[in-house]
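Protein chains in written order, with our numbering: chain A, 305 to 521; chain B, 8 to 358; chain C, 12 to 677.
Rather than coming from a laboratory, the hints here were simulated on the basis of the structure. For each residue, glycine too, the CB sits at the ideal point set by N, CA and C. There's no promise every hint is true.
Said to hold, decoys possible - Derived pair list, reagent style EDC-like, types lysine to aspartate or glutamate, alpha-carbon separation capped at 20 Å: (1) K336(A) to D607(C); (2) K336(A) to D603(C); (3) K336(A) to E482(A); (4) K382(C) to D576(C); (5) K43(C) to E458(C); (6) K43(C) to D537(C).
Unchecked claim - Not close to chain C: a few residues of chain B, all C-beta gaps over 12 Å, as computed: (7) A112; (8) E190; (9) A230; (10) R234; (11) I271; (12) R293.
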Amino acid sequence: MNDTAALNVADDAAARDDSALDRPLPVGSAGKLSSGWFGLIALIVTEAALFGYLLFAYFYLYAQNRAAWPPDGLPDLRIPVINTALLLGSSVLAWLAERAVKGGRRTAALVWTGTAFIVGTLFALIQLGEWHKKTYDLTSHVYGSLYFTITGFHLAHVLVGLAILLLLMAWIAFGYIEQRRHAAFTIGVMYWHFVDAVWLAVFTSLYLTPYLFGGLS
Amino acid sequence: MPLALKIAASPPDAGDSAPFNYFLHSHGPASTPTLYLGWVLAAVCAAVCLLVAGLLAYAIWRRRAAAERDVIGDPRRSLRWVGIGTALSTVVLFGLAAYALVVLAEVGAPPRAAALTVAVTGYDWWWRIDYGDGAQRFSTANELHIPVGVPVRVRLDSADVIHAFWVPQLAGKTQMIPGVSNEQWLQADAPGLYRGECTQFCGAQHAHMSFDVIAQSPADFAAWRARQQQGAAPPPPAIAARPAPSGAAMSQPADAGAPRPVSIAGPALFMDRCAGCHTVRGSEARGEHGPDLTHLLDRRMLGAGLLTNTAAHRIDWVTRVQRYKPGARMPDIALSGAERADLGAYLDTLQ
Amino acid sequence: MKPPMPTSPSADRSAPALMRVPERGRADAALKRRLQAIWEAPPGWRGLLSTVDHKTIGLRYLVTAFVFLLLGGVEALLMRVQLAGPNGTLLTPEQYNQLFTMHGVTMIFLYSLPMLSGFSNYLWPLLIGSRDMAFPRLNALSYWIFLFAGLLLYASFSLGAGPDAGWFNYVPYSGREFSPGPNADVYAMGMLLLGVSTTVGSVNFIVTLFRMRAPGMSINRVPILVWGTLTASVANLLAIPAVSLAFLLLWMDRQVGTHFFDVAAGGKPLLWQHLFWIFGHPWVYAVVLPAMGIVSDGLPTFCRRPLVGYSAVALSTMATMLLGFEVWIHHMFATGLPNLALSFFGAASMVISIPSAVAVFAWIATIWLGKPVFKAPLLFFAGFVLLFVMGGVSGVMTAAVPLDWQLNETYFVVAHLHYVLLGINVFPVIGGIHYWFPKFSGRMMNERLGAWSFWVMFIGFNIGFFPMHISGLLGMPRRIYTYAADSGWSSANLVTTVGSFVFALGILMFIANVLWSWRRGAVAGDNPWQAPTLEWSIPSPPPAYNFAVIPSIESRYPLWEDMLDETPQRSQLEEGLLLTQGRETIGSTALDAIPDVILKMPGEAYSPFFLALFLTGALVGLLLHAWWLAAAMTLACAASLLCWMWPSATLLQRMPMVADTEAGGA
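Excised from the complex, chain A in its bound form (with noise of 0.2 Å):
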């Protein structure tokens, strides 16, 4: 192409959609525009994924059993419930925070996510403290490797999730997290209401679903 040409290109893009080149752009990690948001859907997408694979292990090895499912009967609900309660109000707290991060409200911003965070211990000793109380453990039968596995695996999700909210809340202290850059806490609160979605299905199936079958074992 001769320069004249390309002259005479140049000014028809600009007249046609150069407008979107000519304005502003944001700089950098800019909340849901960078790239740190996409890959963690992408990364809730995969674990997703795994949750399901193990959730179909348990139904398939469910289907298959004879025996009683659970062995020890039907499983009590009010612990569960009162700690799935729990856990959807620390998604609700999270959620206050990032409000309160996006308002600039940095203390608020602080007591929303320690709160959040104690929330989910709280969730993570009561899950312990069932695991306690059970009568079996992984190695005694199918039920009990499974139970412990399903729950091991979304509790240590949680301990990460923990662990984040910690991160998230030392990076408002130093100042790193703020009204106009705070993506990490956009992605970090995400994956918290990630686990409590995740731990909405792991409840279903291991506590829920048994009632529904009832005595179909």
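Given the coordinates of chain A, work out where chains B and C should sit on it, guided by the hints.
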């Protein structure tokens, strides 16, 4: 013993040079529809490959008018041929899929109730075969006898890892999965020998885990079954002198002339060294880890298709099994020359 | 017309702008020097361990994967010598079992996908007009983990502790009772590592595709290689967790005492097969779809015309992958599942060939309507089409359930899988290396040696693998270390062995060509093939920054626009976004590629290398039952991750503090 030799001696089938050739040979309704399906599919696939090769060759080498600049064809016209090719392929594929489903219905279940049920259990690396139940029950190993012309149900279990049961010229294969009882059926329409093999990797000696299916006329099968149901005859009374030294004894063919004298040491030796794993009904040997040897001489092969069943091979197997089948669960049993003669003579009585 | 001054919401003028209008213009020599200084990795050991340059990482993948191909090939040749005649005595059963297992593991996990990752890593930013992948450090991580996983598997193999239960690794045989040695544990740990490597690689490809394309490169203008890798990456995100879980559960059964597969306690061996094949089947499409994309992008160059049916081929890529998730049961037809279920999966397995037929006819039409240029890449791409069809039709035969009851676990399947894997992966890969070698190295490969090596490979391959159909139809089972003389398989096996050595000779010729040409080949220039896509608009080899000017795109074949003259618009390659304030590239919307952010790209980092090392160390700790080592390594992983994730002012993940500006910017 005579029966085993009879079968080994007579050419089992036209497919002798390739006894597992299921593509050209099928001898029963559980595999014949599949045989035809295989031919049709192979023909269609070969035709497709030749067609594509032709199209490709023509596309590459066809004469093109010289042009100064590249002439780009009308995109819609070229897409049309892609569409036509795909549409034709789709029609053919759907047709083949329908045909395959029809064949599946035909061979998936026997046309009428099975006349006989046999239980086959896969072991590392041999086949236990159980007939009947209750007092009529008997076990044999590595050789499955069936009557001709009737469907036979085979129940498949595994004692250890996943194996697969396959008699190519009679039926498709089915995995034998521990904890799961699978089933398949087969039917042989002509008497003869049909070879089978394990077709799921099961360890070191997966390569040496074959078996025989012997299809017999109903009368022959009934006779065979009656004989199997009896326990082993007690060995003839001991003769004073011990048999000849080892060399001579081993070189004697098992069926040549008079039965060898059996010293009293033979059965005792068997009880001592073999009964822990092997059963001989009619004696006190009740081992469950290895094949039932009650009618050992009735079988064509030893070691799940590894050696022909001769006297020499029997003792060779006992003393040097690891050489033939390294890793087999049976260890080499060290025997002195005299012990070999004694044991060999005893084994010769297990007819 | 000068662009307006960048605006900044901060009152502090020394703080970097959070918003600005991206600078546009032409690139002169001074600008290119500046970009080179910004993007170039440091030399020596520092650069080696810390580089995040996608081109370096891509080449590393290509070379490493090829080395594994050769190792897997040697394993195959040893087996072929053993099987050349009946009652072979070269190998003991245990040796043979390790060899066939390692051959499968190597080819399927250490060669086939990493090789394609190498192409995609190197080429994607060049194809889409970007300066880097979305996650440069993650890119480095996926390579290091892959390397360490391969080293772990081969170190164990050299000690006789490599995987030996088949690459399927079925339970109960691979359980503790029947495989008491460490072999299956080594396999499990290797697979967990490879799962992480492939997953993070897939994340990188997906986000790169949706976020980093040059302005105007709408989704229907990206090369088919990009479609292929994108589809494979999405599939991997969904499929890999199945196999990672399967191996983790197996390891737990073996070492912790759980009962997932333990028959006596209610576990089910079939659960393994389901999890394995739910992963395994999509995986085989993941290792061929990008290679099909290589052909879809390479054929147009050597046929001097655009691909026929671009949209159809792109859609067929996605359709194949989608259907690939619905057919896993066809690996389990003989397991005793109900015939009704088998019917469904059998029909689906036949129907999945239909999208492939679309692609085959599109390629043939492209050649037919084009003017073939008889260079080595064309030979490989054309040969691929035939081998694809041959492998595909033998797959149709195995999709027919009752026929599969005969064909399954015989050498017929071995023939099928080699036709599809070598035909659809290796041949396009070798053709792709011939095609892009000039871009990687700046030199041409030797054309005559290339043609010769193609014919030796093609003929050797068919002599080697076609007879496997025969031995399979004659009833030869898979995975047997020897066979009897009266089985009827001797002739076919002998021919196969001869063919395999001929094929190996072809590979050697190809290697010789690569090694010689890297230093001594004719100088290539930017676009020796007069090819149409973006990577050919920059120098060979490309500078560290790829594009001095981020182009704006108006069509699928930017360099052919004058020739095709389909519309009056032209892509603008000489003038465009400059983005020189550090390592920067443009981020754009997912479908239409309208710019929406200026992305700051991370520079060199050691954390990927160390994270990979510590992760491997943690799993080695589990292998050795050294729990303290595993725990310490896990903590070290956490520390590496912390370093990695710490918000950076340079990347504008946080606002810079006073300390940052005093230190001259973090």
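The hints, checked one at a time:
1. Note on K336(A) and D607(C): the hinted pairing holds, with a Cα-Cα distance of about 11 Å set against a maximum of 20 Å.
2. For the given pair, K336(A) sits about 18 Å from D603(C) by alpha-carbon distance, which is consistent with the 20 Å threshold.
3. Between the alpha carbons of K336(A) and E482(A) the distance comes to roughly 15 Å, so the proposed pair stays at or under 20 Å and holds.
4. At roughly 18 Å between alpha-carbon atoms, K382(C) and D576(C) fall within 20 Å of each other, so this suggested pair holds.
5. Distance hint between K43(C) and E458(C) is unfulfilled; the C-alpha atoms sit about 33 Å from each other, more than 20 Å.
6. Between K43(C) and D537(C) the alpha-carbon distance is near 16 Å, which keeps this suggested pair within the 20 Å criterion.
7. A cut-off of 12 Å between C-beta atoms contradicts the statement that A112(B) is not in contact with chain C; the least separation is 8 Å.
8. The beta carbon of E190(B) sits about 7 Å from the closest Cβ of chain C, which is not more than 12 Å, so the claim that it is off the interface is violated.
9. With a least beta-carbon separation of about 29 Å from chain C, A230(B) lies farther than 12 Å from that chain, consistent with its non-interface assignment.
10. Every Cβ of chain C is farther than 12 Å from the Cβ of R234(B); the closest lies at roughly 28 Å, confirming the non-interface assignment.
11. Distance check for I271(B) against chain C: the nearest CB is about 39 Å away, which clears 12 Å, and the non-interface claim stands.
12. Residue placement check: R293(B) keeps its beta carbon more than 12 Å from all beta carbons of chain C (closest about 24 Å).
Going down the numbered hints, you'll see the structure goes against 5, 7 and 8, while the others check out.
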